[in-house]
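> Let the hints inform the model, and build the full structure from the sequences given.
Chains as they are written, first to last, in our numbering: chain A, 117 to 227; chain B, 3 to 173.
Hints are computed from structural coordinates only; laboratory data are not their basis.
Glycine is no exception: its CB is placed at the ideal position from the N, C-alpha and C atoms.
Be careful, since some hints might not be right.
[As the list claims (entries may be wrong)] Label pairs and their calculated CB-CB ranges: (1) V164/A / L50/B: 21 to 31 Å; (2) Q221/A / W7/B: 34 to 44 Å; (3) E135/A / P35/B: 44 to 54 Å.
[Claimed, not checked] What the simulated footprint calls covered on chain A by chain B, stretch by stretch (three residues with Cβ under 8 Å from a Cβ of chain B suffice, anywhere in the stretch; the number is not a length): (4) 157 to 171; (5) 176 to 190; (6) 208 to 217.
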Amino acid sequence: MIRKPKDDAELDDFGRFSEPALLILVSLAEGPRHGYSMTEDIETIAGVRLGPGTLYGALARLEARGLIEPLKSEDRRNPYRLTEVGERALRTRLDSMMAVARTGQRRLAHA
Amino acid sequence: MTSAWLLRLYPAPWRERYGEEFREVLVSQRASPGLILDIFAGALDARLHPQIQQEDSKLIKGDDTMTLDMLHRCSLGGPKLSPSERRIAQRLSIISALVIAILYLVLTKIYREAPAVQAVFWTSVFFPNFIYQQTVYLKKRLWMTQALVLGAGLSAMYLFMLGVFLLAKRL
Chain A
117 MIRKPKDDAE LDDFGRFSEP ALLILVSLAE GPRHGYSMTE DIETIAGVRL GPGTLYGALA
177 RLEARGLIEP LKSEDRRNPY RLTEVGERAL RTRLDSMMAV ARTGQRRLAH A
Chain B
3 MTSAWLLRLY PAPWRERYGE EFREVLVSQR ASPGLILDIF AGALDARLHP QIQQEDSKLI
63 KGDDTMTLDM LHRCSLGGPK LSPSERRIAQ RLSIISALVI AILYLVLTKI YREAPAVQAV
123 FWTSVFFPNF IYQQTVYLKK RLWMTQALVL GAGLSAMYLF MLGVFLLAKR L
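This is the structure we're talking about:
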């Protein structure tokens with residue numbers, strides 16, 4: 117059984133928002149983005165279009181836990197960027213997912 | 003107009019923080035039942051699990067949300083009603099109780115004790131209360147808001163009761 121590393125444990129508290137939160141972190145790994153840009157990017161990389169209710173539910177949680185932070189902006193839409201904590205959480209979660217994927221593929225190869 | 007109305011489902015501190023961005027994402031998406039559901043679920047979540055910390059004084063200032071409005075009124079000893087408003091609320095409660103009773107009798111005569119009819123009866127128990135609250139707490143709201151809240155409340159109650167009776171029939 118794969119044990120979950122501590123760094124991404126906070127993502128587990130997100131409930132139904134954990135998958136959108138992960139997609140947001142992946143989107144921000146490329147650089148700061150605002151909400152609209154995130155939905156476009158996430159649709160491109162994952163084929164899912166997040167509704168505004170889901171997007172901002174996940175964004176609010178990520179911001180409250182310090183995984184992302186807003187940047188100051190001239191207009192009223194704030195871009196967001198990953199914090200160090202967020203980057204660490206994302207790396208840990210992706211490593212964990214890759215370990216699961218590798219195990220699954222290895223087992224399928226022997227099936 | 004629609005986006006502004008939908009935005010009002012969210013708490014005031016949330017709107018101040020995310021309102022403009024939310025609106026931009028909202029208008030970029032095609033209207034669909036899924037989108038509406040997403041917004042309602044998000045608003046419910048924002049009220050049940052607020053992520054934005056606000057000072058108490060600011061929360062009281064932002065009491066234009068329905069929930070805070072109700073809490074504020076209750077904390078002052080109940081809703082403030084003029085004698086005429088109280089009379090209207092009482093009459094509406096009585097008339098609605100009579101209407102639902104007649105409806106129940108007619109449906110029973112035609113469909114006997116079908117689950118859908120039984121559900122009408124049990125929903126009717128709450129109907130006068132819904133009507134009364136509608137008159138009292140939502141009196142300053144638009145008639146569309148009143149109709150939506152009343153319709154959604156009664157529909158949810160009816161569907162719940164119907165589910166209970168359908169389940170009971172299978173047992």
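> Please verify the coverage claim for the segment 208 to 217 of chain A: does it have three or more residues whose C-beta sits within 8 Å of some C-beta in chain B?
Three-residue rule not met by the segment 208 to 217 of chain A, so violated; n is 0.
> With a cut-off of 8 Å between beta carbons, are at least three residues of the segment 157 to 171 of chain A near chain B?
Holds, because 6 residues of the segment 157 to 171 of chain A bring their Cβ atoms closer than 8 Å to Cβ atoms of chain B.
> Using the C-beta atoms of E135/A and P35/B, is the stated range 44 to 54 Å upheld?
21 Å, violated
> Within 21 to 31 Å: is that where the Cβ-Cβ distance between V164/A and L50/B falls?
Since the Cβ atoms of V164/A and L50/B sit about 24 Å apart, the hinted range of 21 to 31 Å holds.
> Test coverage of the segment 176 to 190 of chain A by chain B using CB-CB distances below 8 Å; three residues minimum.
holds (count 4)
> Is 34 to 44 Å respected by the C-beta to C-beta distance linking Q221/A and W7/B?
49 Å, violated
Checked against the numbered hints listed earlier, the structure breaks hints 2, 3, 6; every other hint is satisfied.
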